[in-house]
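The listed protein sequences correspond, in order, to chains A and B. Under our numbering, the first residue of the first sequence is numbered 1, with each subsequent residue one higher. Under our numbering, the first residue of the second sequence is numbered 1001, with each subsequent residue one higher.
Rather than coming from a laboratory, the hints here were simulated on the basis of the structure. All of these numbers come straight from a predicted model, not from anything done at the bench. Fair warning: there could be bad hints in the mix.
Footprint (simulated), chain A over chain B, 3 or more residues, beta carbon under 8 Å [as the list claims (entries may be wrong)]:
#1 1109 to 1116
#2 1123 to 1130
#3 1255 to 1265
#4 1296 to 1310
Beta carbons are placed, not taken as given, at the ideal position from N, Cα and C, and that holds for glycine.
So you can see what is in the structure, the chains are spelled out below.
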Amino acid sequence: MSAAAFIILYGLSYGLVLCLIALGLVITMGLMRVINLAHGAFAALGGYLAITLIQRAAIPYAVAVPVAVLSVAAFGVLAERLVYRRLYARSQLDQVLVTIGLNLVAVALLSMLFGPNLIPLEPPPALRGNLDLGFREIEVYRAFAAGVCLAVIAALWWVFERTSTGARLRAAVDNQGMAQAMGLNVPVLFSATFALGCGLAALGGILAAPMLPMEPMWPLKYLVLVLVVVALAGHARVAASVAVAVLVGIVETGGRYLFPQYGGFVIYLLLIVLMVMWPNGLLAPRVERA
Amino acid sequence: MTALPANSILSRHRWNAGELVWLVCALGCFFTFPEYLALGTAVLVMVLLVLSYDLLLGFSGVLSLGHAVYFGLGAFTAGWLSLAGWKDPVLDALLAAAASGLAAALLGPFLLRLTGLPLLMVTLALCVLVFEAAHLATPITGGDDGLSGVQFAPVLGLFDWGLGGRTSYLYSLAWLTLVYVLLKRVVASPFGVILQGIRENPKRMRLMGNRVLPHLTISYSIGGALAGLAGALFTEANAFVGLGVLSLETSIDVLVMLVLGGVGTLSGALIGAPVYMVLKHFASQWSPFYWMLVIGPLLIAVVLFGRGGLLGSARTIVARWRRAQP
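Chain B on its own, in the form it takes in the complex:
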């Protein structure tokens, strides 16, 4: 077989400079911002969640407002496993991911027949429905107070979950790196290429002999599983899980974070989530609603005037600057 050219879609699993720089910065933050590690861990968990959503929206073209369902399912599964006595964090994370993936695989064949506004509505309704159900099921979810008393054994038996967030930061970063490598492989594989084809033109893909619904269901299941993993990490890092993980607000946050960073490139999640979380953290210290006034116009500007989110806009600016060079 001849070697693939460097910019072939199937060789995109290789890391580029920007992503390596990001990884180094993330490690660097561990040393330079020791007092912000809790925020940092929250950011890492969100990056993972946004990555899982990018697989759905950016690569498969599925616009869903119900992604929080899988995040929440993973988070609560990890909590329940801990309360039932299974305290190993890695095992719990894997089981939570499996549970969410299974749920996604069961719901996928029904939801993924729809597109556009109907899909938006059904996933929205699903998210609200699950939230209300969890709110009612106070004995198992803790209702408004959430699940407390959730504790996990030290990671790999060695690293204790202290109060400083040191362990949770590096633990989340490790999971994130692993998932990123995995996702890069998935989207650069023939399966990933088919997904992108489905995103562009489902009818054409069908005419060529690809079966759309099975591919979308597999993609949805992987996305759901990874969202569940992110949820488990959330529970492990916070030693607590509340109903907010299932809320519509979380679903919308994920969408906004992805769009800010840039849909359809995995690296968009690496930019969008930190920018959004940091802005939200500092703006909401002024007033609970102030961050909406910051994010709203930013989102509008990015969608109307930027192409491909912040990352895409940056690329456009760099490309224009390069072309202007003599």
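In isolation and in its complexed conformation, chain A is listed as follows:
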């Protein structure tokens, strides 16, 4: 029983943090139809920036996190204007290649600036220790991270589904030309959305930093898991991404816990099987066979 509780609790917190990062990618991919393999780099940038602010500039956690997130979002706007804008009309291959190139540059710069070693982010004193849930103890930090993710995801869902801004965004996703004809400023919308995606990635990276320590290869290392979530969620909305991410988190955690030797496989096998059967994502209708 306690094994199941462990898997569910840790899988849930892992999945939620993954979801935050993945949501940024789902949003940018869904809106701008750009495969952004460099998304992990923005997350890692957020993590490293937060570490620098907290450890080298002695800025408190509660201040450093928003500053880091906003900085990465601003940097995202810059990247969008300089590079990503040119990718919208390009083929998927070109998008993959340019974003891989960006990844390589990011990994190289991170390694030169921060060195090749793992750097964990220590949670602030207020968030250390364990929380007793009765049947199981969980680290306070994990509960905090899960809570923040849920709050952000809920806020995102509310904005997308219940506000006019969200409606405009969904309109631009469904039919960009028509939305533009109706007066929506699509370039500004794209920049703002990309900034949002990068900000979410950065927040996810910062929250993940104590659990998944920062290293130069971080963007590539966790890219696969993020892409798994995005691919399985398809072009669907927030709810699907959360469900898929939590599933991935639980499967990953469970696999490694129950089968220490083979645990890493499970998620990839699952991905292959699911993608071959549902290429458009788990919640989309079954596609016609060629």
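The hints should help you fit chain B onto chain A, whose structure is shown.
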């Protein structure tokens, strides 16, 4: 039958001047750079691997990040055959190619139904999966240490595998030339033309009565077999095979090398692989991550601003220069 015009797609099997020059240069390097023959052999093996990938991506339109699986399978098959006592290098290379081709033929019908991001994801997952499996299967793959004690009999019974890399260079060059001739025939054949049609517009091809999945599977099998051949050459040249042959990094390297040279023309592989390997060799002597800083922007620039890789950009520049001539 009337003779085909010189620029017909079906007469592209003939060698052009650039390719002959490349071959002569490759032979020349054997004499002028005797101390770099190990690097040279590695480059030749990569050219072969990139050629096999060009068949998939450039001519069939299949974007796969799992090509290292077939390279690794070929490499390990050659290693296992050697350890089992079958030491003839040519035979081992052919058997390794057959094994990889078979694997590709078995996986193809499942993978090739997908396109775009789903295909990318599944091939990525496959590559990582096979890598992890090989890592776990330490008894047969040697795990992190790799397979050692791999030795091969002299090529054709005559040429010994010395330490200088002389034999492996010329041996790899011979295989490469053979494969290049073969591939040129394949892409200039009606089969190759159908593949290119599938790359451009699969629906249209179906409407015209061509069956897409069988053609793609055959192309995938040939690509896989040639990748396996390259893997076997790798093992034979190094007398060693480690897990790196199966890594995702290798898959990405192949893609980048092809794009640098130019996708969709066989000669792109001839340019992209050497440029990438040489850059990587010298840049990584400064720092392990330095070459990423060189290759990253180069890749971005080539894709965003160059058309068709380095080769395509060169062609554009030459064409513009010619047009500017009075």
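Hint check results:
Restraint check on the segment 1109 to 1116 of chain B versus chain A: 5 residues with Cβ-Cβ distances below 8 Å, three needed, restraint holds. Counting residues of the segment 1123 to 1130 of chain B whose C-beta lies closer than 8 Å to any C-beta of chain A gives 5; at least three are required, and the coverage claim holds. For the segment 1255 to 1265 of chain B, the stated coverage by chain A holds: 4 residues have a C-beta nearer than 8 Å to a C-beta of that chain, and at least 3 were required. Counting residues of the segment 1296 to 1310 of chain B whose CB falls under 8 Å from any CB of chain A gives 7; the rule of at least 3 is met.
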